[in-house]
Amino acid sequence: MSEFIALRGVSKSYQRGGETLRVLDGLDLDIPRTDFVALMGPSGSGKTTILNVIGGLDRPDEGSVIVADTELSALAASRLPAWRARHVGFVFQSFNLVPVLTARENVTLPLLLTPLSKAERRKQAEFALEIVGLTDRMDHRPSQLSGGQEQRVAIARAIATDPDVIIADEPTGDLDRETANEIMELLGRLNRELEKTIVMVTHDHLAAESAKRSLHLDKGVLVESGRGPA
Amino acid sequence: MKVPWGLALRHIFEHWFRNLLTVLAVGVAVFLFCFLVSLIVTLDDQVEEASQDRVIVQSAVSLFVTLPLDYLAKIAAVPGVGDVTKWQWFGAYFQNQSEGFFAQFGVDPDPFFRMYERDIRIIEGPNGETAPAAREAVHLAMLEEKRGALIGQALAKKFGWKVGEAIPLTCTLFPRTDGGAWDFVVLGIYEKQRANVDDSTLFFRFDYLEDTLRNGGATGPLGSGTFFVQVAPDHETAEVIETIDALFTNGPQRTKTSTEAAFQASFVSMLGNLPLFLGTIGGAVVFAVFFSVVNTMMISGRQRIRESGILKALGFPNLTLGALIVYESVLLSSLGGLVGIGLAFGAARGVRQKMANFFPNFAVGPETMAIGFGIAAGIGVIAGVTPMVHLMRTKPTDAMRSEG
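Going down the list, the protein sequences come from chains A and B. Using our numbering, the letters of the first sequence correspond one by one to residues 2 to 231. Using our numbering, the letters of the second sequence correspond one by one to residues 39 to 442.
Bear in mind the hints are in silico, worked out from the structure with no lab data behind them. In this text, a Cβ means the ideal position worked out from N, Cα and C, and glycines have one as well. Take these hints with a grain of salt, some might be off.
Which chain A residues stay away from chain B? Per the calculated CB distances, all over 12 Å, these [stated by the list, open to error]:
1. G18
2. D31
3. D62
4. E131
5. S147
6. E194
Listed next, the stretches of chain A that the computed footprint assigns to chain B, with coverage defined by at least 3 CB atoms under 8 Å from CB atoms of chain B [stated by the list, open to error]:
7. 79-85
8. 110-119
Computed cross-link-like contacts, PhoX-like style, restricted to lysine-lysine with a CA-CA straight-line distance of at most 25 Å [unchecked claim]:
9. B:K112 <-> B:K294
10. B:K40 <-> A:K119
11. B:K200 <-> B:K184
12. B:K40 <-> B:K433
13. B:K40 <-> A:K124
14. B:K184 <-> B:K195
Between the sequences and the hints, there should be enough to build the whole structure, so can you do that?
Put into structure tokens, the structure is as follows:
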């Protein structure tokens with residue numbers, strides 16, 4: 002497996018209440034293609050910051066971030082959105098669906114950034130919803146869906162453009178145990194069958210067990226804490 | 039890349055009541071703007087279109103004091119006077135005073151037809167003649183029929199009057215001694231050619247009024263409220279005015295003579311500095327509505343922070359998000375603009391019908407509509423810019439944490 006995601010000497014600080022909070026301090030991380038990594042650690046340890054840096058939502062103060070052969074730290078800020086649209090799919094704890102759009106329309110959103118025609122976008126969105134098992138809920142708005150269904154729509158949206166990497170920030174955080182298991186099963190399938198590289202932050206040990214490996218982050222240092230199903 | 043314009047429409051319908059109020063607020067502002075500007079333009083047009091070589095002689099005391107009839111011959115003898123006609127306000131109404139009131143003037147047909155050759159076009163004569171033959175036919179018919187009347191096409195339309203129809207008018211200024219109505223016969227219908235003419239007026243023979251007063255058939259002041267004078271070509275209007283007023287310096291009635299344009303302007307000036315007053319009201323309303331729309335769009339923008347974070351994370355560029363909020367704002371304001379223009383259009387129709395005597399030419403012109411719509415759209419653009427800048431500046435990670 003080649004190094005698909007490579008972080009070298011990444012540091013990141015935030016200003017909080019006049020104080021400088023150094024969240025990441027010279028962090029190194031390698032994630033091969035088709036890996037499924039769970040990042041764990043206490044609150045404020047910098048897990049989400051790593052996700053944001055890998056997903057091109059945030060930039061490090063120092064160090065280099067290479068994702069899918071692109072040196073993100075060298076990429077102009079104005080080019081990051083297009084890069085994200087092409088390479089990354091996001092799944093968030095609170096689903097982050099657009100409430101005024103239906104499930105199908107939410108999934109179609111990232112496809113607007115592709116050269117696909119309207120008919121192709123519709124077909125692609127329906128295919129993504131079929132993968133997550135929501136063909137019967139396509140025309141429902143988020144408020145008409147359960148939490149698990151909302152997260153499935155978010156996952157469908159994340160895979161609609163066939164991205165290289167899926168970034169999942171606490172994808173089971175707002176779900177009950179049974180639904181959380183279903184979501185983790187779905188992410189596992191995406192990794193195994195569609196060979197999506199997945200980087201996931203979670204506090205849930207059971208969820209982390211679905212990943213191929215777990216990394217524990219504490220005080221800016223990453224330690225491999227376990228290996229899940231191969 | 040496609041822009042999800044439909045998202046803006048969804049938001050508009052999602053908060054339909056708030057947005058409806060915004061549309062109405064802009065609509066009222068644009069309505070007031072268009073209405074007030076049209077009022078100013080109408081008044082200005084009446085002055086601008088008025089003739090500079092036609093002068094009006096009135097009493098120096100007041101417009102309501104009549105001048106002796108023998109003044110006509112004296113004015114006609116003034117060097118430079120081409121034509122002169124009596125011009126007497128009749129003040130009658132048809133059927134009922136509130137709905138049936140309109141302007142009627144007693145004139146001398148011969149000079150009247152010569153003086154108003156360019157201002158009115160007679161479109162229907164007594165025997166079905168049409169322009170241009172109708173002019174001569176109506177002129178001759180008026181000389182033959184003392185009760186003959188020439189009416190404007192707006193008046194004909196309002197009351198459904200036809201050529202040949204007898205019109206009974208009740209007059210309070212010159213009431214008939216038998217208590218009955220004055221009878222007129224429609225001999226022709228005219229169409230105005232210039233803004234200084236009202237096409238909801240009735241012109242009749244002055245000698246019908248004069249003879250009736252003299253033989254006791256009616257009561258009222260015998261005289262003429264004004265004399266309309268056409269200055270002959272190659273003569274200075276100012277000199278003619280000066281000579282006429284000098285002629286009557288020692289009475290019995292002193293006169294005040296002015297050009298038709300100045301006469302029209304004096305009506306406008308009676309209302310004070312109307313343009314400034316109306317402009318201030320219109321400006322203040324537009325300004326207040328501007329803040330109202332900005333406030334609405336700020337609220338809308340705040341509710342959109344989280345969504346903008348999602349869209350940014352998905353890869354939509356800042357400019358697209360900015361364009362969406364400005365698009366929504368411009369859409370609402372422009373819709374309001376159209377509502378306002380529509381209201382102004384309707385109101386103009388009402389004004390023409392109900393206040394034809396004061397604002398016969400009242401209309402919302404295409405330029406006024408364009409400016410009104412431009413103001414509405416401009417409000418939309420400016421109101422959308424503030425939330426746009428905020429949304430564009432917010433980082434996607436911060437935006438998605440927003441409760442929106």
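Verification of the supplied hints:
{"no.": "1", "hint": "G18", "result": "16 Å, holds"}
{"no.": "2", "hint": "D31", "result": "24 Å, holds"}
{"no.": "3", "hint": "D62", "result": "15 Å, holds"}
{"no.": "4", "hint": "E131", "result": "21 Å, holds"}
{"no.": "5", "hint": "S147", "result": "20 Å, holds"}
{"no.": "6", "hint": "E194", "result": "24 Å, holds"}
{"no.": "7", "hint": "79-85", "result": "holds (count 5)"}
{"no.": "8", "hint": "110-119", "result": "holds (count 4)"}
{"no.": "9", "hint": "B:K112 <-> B:K294", "result": "15 Å, holds"}
{"no.": "10", "hint": "B:K40 <-> A:K119", "result": "10 Å, holds"}
{"no.": "11", "hint": "B:K200 <-> B:K184", "result": "18 Å, holds"}
{"no.": "12", "hint": "B:K40 <-> B:K433", "result": "22 Å, holds"}
{"no.": "13", "hint": "B:K40 <-> A:K124", "result": "17 Å, holds"}
{"no.": "14", "hint": "B:K184 <-> B:K195", "result": "24 Å, holds"}
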